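Chemist: As given, the protein sequences belong to chains X and E, one line each in that order. Residue 202 in our numbering sits at position 205 of the first sequence, and the numbers go up by one each step. To convert, take the position in the second sequence, counting from 1, and add 421; that gives our numbering.
To be clear, the hints were calculated from the coordinates, so they are not data collected in a lab. Among the clues, some could well be false.
Each pair of labels, with its calculated beta carbon distance range [what the hints assert, rightly or not]:
no.	chain 1	residue 1	chain 2	residue 2	range
1	X	Arg34	E	Ile754	38 to 44 Å
2	E	Ile720	X	Arg140	41 to 47 Å
3	X	Phe160	E	Thr607	34 to 40 Å
4	X	Leu238	E	Asn722	46 to 52 Å
Some chain X residues close to chain E (C-beta under 10 Å, calculated; not the full set) [claimed, not checked]:
no.	residue
5	Ala56
6	Ser59
7	Pro61
8	Leu107
9	Phe268
Since the model is a prediction, treat every value here as computed from it, not as a measurement. Note that CB positions come from ideal geometry on N, CA and C, so glycine has one too.
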Amino acid sequence: MNDDLLFFTEVTLAGLGSGALLALTALAFVLIYKATRVINLAVSEILMLGGYLFFTFAASLSLPWWGALPLAILGGGAVGAIVERGLIRPMLGESAISVFMVTVGLGSVLVGLVEAFWGTDPKSLPNFIANTPVFFGEAYVSRKILVAFIAATVVIGIFLILFRFWRGGVALRATASDQAAAYSCGINVPGVFSIAWIIGCATAAGAGVLLGAIGGISPVMGVFGLSALVVVIVGGLDSLLGALVGGLALGVIQAWVSSFLGGEYVSPITFGILILTLVIRPYGLFGTHEIERL
Amino acid sequence: MIIGTAKESYRADEALLTTTPQRIWMAILMAGLVALPFFFNTYWIYLACLVMINVIAATGLNVLTGFTGLVSLGHAAFMAVGAYAVAWLEKNTGLPLPVNLLAGGLLAAAVGVLVGLPSLRIKGLYLAIATIAASFILHFIFIDWRSVTGGTAGLTLEPGRIFGFQLVEYRHLYWLIMPVTVLMVTGAANLFRNRIGRAFIAIRDRDISAEVLGIPILRYKLLSFGLASFYAGIAGGLWVLFFRVVTPESFPLVTSIFLLAAVIVGGMGTIIGGVIGALFMTMVPELLRYVVDFLSPVIPNASLILSPVRTIVFGALIVGFLVFEPQGLAEIIQRIRRFFRVWPFRT
């Protein structure tokens, strides 16, 4: 293999790795949007909180990683449950923008809390994934990125199976397609809302741990969530498939752009794609096209 | 108890100030604004200028979000456009300052119309996200167009000069910023006494119905974007004259959220809401500083937690107002007024 092609392969593999993380985070957005029609911008901050919780359990309480990881994920889920019951439930029936702004405000509160408890300095998570690289043929991949990719793929796979076969997954899909009909079939719709928030926030917290393992944690790591937001808009806000395809595609595109054009072009191209999608297909590549009637 | 005022013509009905107490309060406010620099020290004048710059920007955003129903989370980027334009014109041309300020506003308006173009196809949350995207792209331009914007270092300015008078101290700038603010807010209030403002409100309430009624939606939506960005551009221009430096980090996404928060906290869709909201949201962090100073004997390293506490309070204010008082401070003021108006009866 010549060097250019090798470099290209390595960049692409790294892109797929970060793309899997994007897809996982995007899943959190999609899950919550599908059930409750709320774009939860606080997903970015819950992702950050997940990283910090893992840091606390693993570094300060020196738990092993297999003890700290579930605790961090549970912590994310607990925050999701509290937020849903305390803030989002009372906002039912308010305009989408108001609920969106509630999650923006919530994100600010979470950032402030993290800064107050852990300080503003970036920290690195204890090493629970070995640093030795992995080789595919000749192409080099960081082991952390590979682990993140595998973990994200497994989680997404589990979600797809759950949605198809688990009662709760079916209830969620029913709620997403028609709330009133779901109610009249005896589905506990508010319960579905809670479950969606809990699972969504837990997923985000897990993604935060993986992201923190690769790049370290800091109060500004929530910016990653904006990229995931681009993924869900491009893929379609209510489409799991869209999150998957969009996440991997955006990860690879970002990796290509930053390697071949330069890091400063990543954000304009990411957001350029977003605007272009919004103008051409506002409901995303795989999303449901809603028709507005008077 | 004040009883209802009889209005005998449409003119009287549409007037901005309808009752004598309103006129008296307005006169007191104006007198206060004129007297302020003579009675307060530099720090308070600094704060007053900052509040008024935010009032202009928030009023513009209120026209767009509160009155036309188009949510923008990229308003800070329009401020940045105005700031860069004014800074560049001040540095590189000998044009008088008012012309530069106006040009900054107009350039921001042009950019705003461009960013508003997708509103032809998208609205609501999608539009909010599109404006976030636009603000990131503008941020990239500010960094990368080095020959004009000075890259990450940004642009620094000499003190501005108006009618041969140099604006060095905050005290001097106050006399530029205060009249402009009064003018801009009055302009916004008057906008809703004519056809354009009513078209905006119709679009907010139901855009499809508005189109059926014969309002050219696209034109008015773009007009609203243009007007809001013009306000932001003027605010940004005053901002750069005030701080005399602008960098790509001067107007982050948080500033956009701050402005939207000011509109929400103040009360969407009322002129007074934008004004009070900007005042409130600018003053709260300063008040928190006093609170933290006051508590510093009790709490160790109190100064260290000031910044996180400000972030928390900022978020909590947004959430709290949306959950408990969605109409904002303007509604609270209305309630207080109603209480006094019908006193001794209860509302």
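Chemist: Going through the numbered hints above, which ones does this structure break? Give me the numbers in ascending order.
Modeler: 1, 3, 5, 6, 7
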